[in-house]
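Asks: Given next are the chains, with one letter for each unit.
2 protein chains.
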Amino acid sequence: MNMVDIRAAQAAYRDELVAAGLLIPTGVDGLYGRSGVFEEVVERFDALVTRWGGADGAEAMRFPPALNRQYFEESDYLKSFPHLAGTIHSFGGDEKAHRTLLRRLEEGQDWTEDQVATDVVMTPAACYPVYPTVARRGALPDGGRLIDVFSYCFRHEPSIDPARMQMFRMREYIRIGTPEQVVEFRELWLERGRGMMASLEMPLDIDVANDPFFGRAGAMLSSSQREQKLKFELLIPVTSTEQPTACLSFNYHQDHFGHIWDIRTADGGVAHTACVGFGMERVALALFRHHGFDPAGWPAAVRKVLWG
Amino acid sequence: MNMVDIRAAQAAYRDELVAAGLLIPTGVDGLYGRSGVFEEVVERFDALVTRWGGADGAEAMRFPPALNRQYFEESDYLKSFPHLAGTIHSFGGDEKAHRTLLRRLEEGQDWTEDQVATDVVMTPAACYPVYPTVARRGALPDGGRLIDVFSYCFRHEPSIDPARMQMFRMREYIRIGTPEQVVEFRELWLERGRGMMASLEMPLDIDVANDPFFGRAGAMLSSSQREQKLKFELLIPVTSTEQPTACLSFNYHQDHFGHIWDIRTADGGVAHTACVGFGMERVALALFRHHGFDPAGWPAAVRKVLWG
Chain P
1 MNMVDIRAAQ
11 AAYRDELVAA
21 GLLIPTGVDG
31 LYGRSGVFEE
41 VVERFDALVT
51 RWGGADGAEA
61 MRFPPALNRQ
71 YFEESDYLKS
81 FPHLAGTIHS
91 FGGDEKAHRT
101 LLRRLEEGQD
111 WTEDQVATDV
121 VMTPAACYPV
131 YPTVARRGAL
141 PDGGRLIDVF
151 SYCFRHEPSI
161 DPARMQMFRM
171 REYIRIGTPE
181 QVVEFRELWL
191 ERGRGMMASL
201 EMPLDIDVAN
211 DPFFGRAGAM
221 LSSSQREQKL
231 KFELLIPVTS
241 TEQPTACLSF
251 NYHQDHFGHI
261 WDIRTADGGV
271 AHTACVGFGM
281 ERVALALFRH
291 HGFDPAGWPA
301 AVRKVLWG
Chain G
1001 MNMVDIRAAQ
1011 AAYRDELVAA
1021 GLLIPTGVDG
1031 LYGRSGVFEE
1041 VVERFDALVT
1051 RWGGADGAEA
1061 MRFPPALNRQ
1071 YFEESDYLKS
1081 FPHLAGTIHS
1091 FGGDEKAHRT
1101 LLRRLEEGQD
1111 WTEDQVATDV
1121 VMTPAACYPV
1131 YPTVARRGAL
1141 PDGGRLIDVF
1151 SYCFRHEPSI
1161 DPARMQMFRM
1171 REYIRIGTPE
1181 QVVEFRELWL
1191 ERGRGMMASL
1201 EMPLDIDVAN
1211 DPFFGRAGAM
1221 LSSSQREQKL
1231 KFELLIPVTS
1241 TEQPTACLSF
1251 NYHQDHFGHI
1261 WDIRTADGGV
1271 AHTACVGFGM
1281 ERVALALFRH
1291 HGFDPAGWPA
1301 AVRKVLWG
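Chain order of the listed sequences is P and G. Position 40 of the first sequence, counting from 1, maps to 40 under our numbering, and the rest follow consecutively. Position 186 of the second sequence, counting from 1, maps to 1186 under our numbering, and the rest follow consecutively.
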């Protein structure tokens, strides 16, 4: 398929999902409501992730979908992905400024230019609030730490592809410790991820990947990330086989976050980190694509895995 | 208690919650992570709401915590609550603009002023995406509609009061129909809300209330809203008895939203709407306040209601 065909396939799947009532359009590409059926699939998959990871004793943390702006500024996200970030702005004016705002709105002018940045930004990935939180606790215990998060995330990339939403949910396990602990964790989850998705009878492939770094300097970062095999993705065809969708990702950050927030291992070294991320909407979309829009008709083995 | 004492009590409860690990500070007032225990209480209360409301056959819709900006502009929210709204902005520049952004960040200058408003804003209340969605479906069926939503909401009101978060979750049932259908719904939920919270052994009071309208014109709107008894709140003491916390709210919007989005009843009249909202974090905070920080030690009757 060429790009025109791929876009057409994306639009067609989106339209099917809307017609079936699974996605509710909101008038903005990449921003959808979901039906109760869609949500139940997300909840059942979330419970499946807990079953595969639960015995490891991860500490659950649940952050809202916004982040302290200071942490965000420290995180280097703006160096790598300025185009995807969302900052939250608000009105700080008096009644006169309010009248001006309403007049502009009434006259169809831009009323947003006087909005001022607040102290919070949209969470770009579920693990971002974790690193400064763990850093505040002091040096890691001997075994390092294992954290379990789940959050809505925002990325400003309007798309007709239903698998590329502007607001989507990500479950993650995050390992923080020595390089050995962290690399072992990622290897473990590469195997588990394959097993988990195979149990859902999904056609899948795992491949080296890169993040969408911004600009020309970003191209070099992408290529270095691939060469060092820092990122893997579990890919499932959703709208096309030529461009399968990354449903899980397995990321080794080396000492990037440990260095920024000065996270130290028990023996005083800079902590390394890794995470496995589950794209909740993408997994649901893959299940609907391969098993149909009505979970009651899914293969018995898949139903048993999800509903027990 | 005077305001100084009330603030001290709010700060003290927040500090206790943080020390107990139930809330995770993020460095921003009103923005907290939550522990697994906190989340389990929220989940159990969510299930309780479903048990009380489930037999009514509401249609579940789950929207992400952001809203089409066009819908938001149409909603009149900016007339009434400009100070609480959050707009999402992003970077739209090229590599040169990116270098400028990074230089400003590096030098501690304001890097946010060139951020441009996107097509989405923060959801201010869980029901906002529902009205335009229902309007798109055409005239209501004879019985009207009943919708079930759950969403993170944003309000820009940084506070040390743990019961006044900037990002919090709201479950809602929304009734859309004739004035009679809608008023009956609100009466039903005023009774149910009282029964549900009494079953959790919460000290409670239900009272007429008003929304925090902006400015001097807002004071008149507040007073009119109270005179017409359009809003009730179920109040529970959390940080003080003098200023109990609104944990549930019962709102009759008359034809406000029906008029804006031209929602019509089966016989062609402008639809009226009402909603009951459950403040999930506030209910959890009330339970922790009155029954202690460890749910294992809560009264057996309360545990039975929540855990079955």
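Derived by calculation from the structure, the hints in this document are not laboratory data. All C-beta atoms, glycine included, are put in the ideal place defined by N, C-alpha and C. You may find that some hints are simply not true.
Below, computed lysine-lysine pairings styled on PhoX-like, alpha-carbon distance capped at 20 Å [what the hints assert, rightly or not]:
hint, chain 1, residue 1, chain 2, residue 2
1, G, K1304, G, K1079
2, P, K304, P, K79
3, P, K79, G, K1096
4, G, K1079, P, K96
Beta-carbon label-pair distances, calculated as ranges [said to hold, decoys possible]:
hint, chain 1, residue 1, chain 2, residue 2, range
5, G, Q1109, P, E113, 43 to 49 Å
6, P, D76, G, D1046, 35 to 41 Å
7, G, A1020, P, K229, 39 to 45 Å
8, G, D1294, P, I160, 30 to 36 Å
9, P, A217, G, R1264, 17 to 23 Å
10, P, G54, G, G1268, 52 to 58 Å
11, P, P179, G, D1294, 35 to 41 Å
12, G, I1206, P, A19, 42 to 48 Å
13, P, H259, G, E1191, 54 to 60 Å
Asks: Now, for every hint given, state plainly whether the structure supports it.
Replies: Do the hints match the structure? See the list:
1. For the suggested pair G:K1304 and G:K1079, the alpha carbons sit about 45 Å apart, so the restraint of at most 20 Å is broken.
2. The suggested pairing of P:K304 with P:K79 is violated, with an alpha-carbon distance near 45 Å, which exceeds 20 Å.
3. Distance hint between P:K79 and G:K1096 is fulfilled; the C-alpha atoms sit about 13 Å from each other, no more than 20 Å.
4. Between G:K1079 and P:K96, the direct Cα distance comes to roughly 13 Å. Compliance with the 20 Å bound is thereby established for this hinted pair.
5. With their beta carbons about 18 Å apart, G:Q1109 and P:E113 fall outside the hinted range of 43 to 49 Å.
6. Here the CB-CB span from P:D76 to G:D1046 is close to 36 Å, well matched to the stated 35 to 41 Å.
7. In this structure the hint that G:A1020 and P:K229 lie 39 to 45 Å apart at CB holds, the actual value being about 42 Å.
8. Taking 30 to 36 Å as the suggested C-beta distance range, the pair G:D1294 and P:I160 does not conform, at roughly 49 Å.
9. Separation of P:A217 from G:R1264 is about 55 Å and departs from the stated range, judged on CB atoms against 17 to 23 Å.
10. One distance hint, 52 to 58 Å for the beta-carbon pair P:G54 and G:G1268, holds here, with the actual separation near 55 Å.
11. For the hinted restraint 35 to 41 Å between P:P179 and G:D1294, the CB-CB distance of approximately 38 Å keeps it satisfied.
12. The beta-carbon spacing between G:I1206 and P:A19, approximately 43 Å, falls within the hinted interval of 42 to 48 Å.
13. For the hinted restraint 54 to 60 Å between P:H259 and G:E1191, the CB-CB distance of approximately 58 Å keeps it satisfied.
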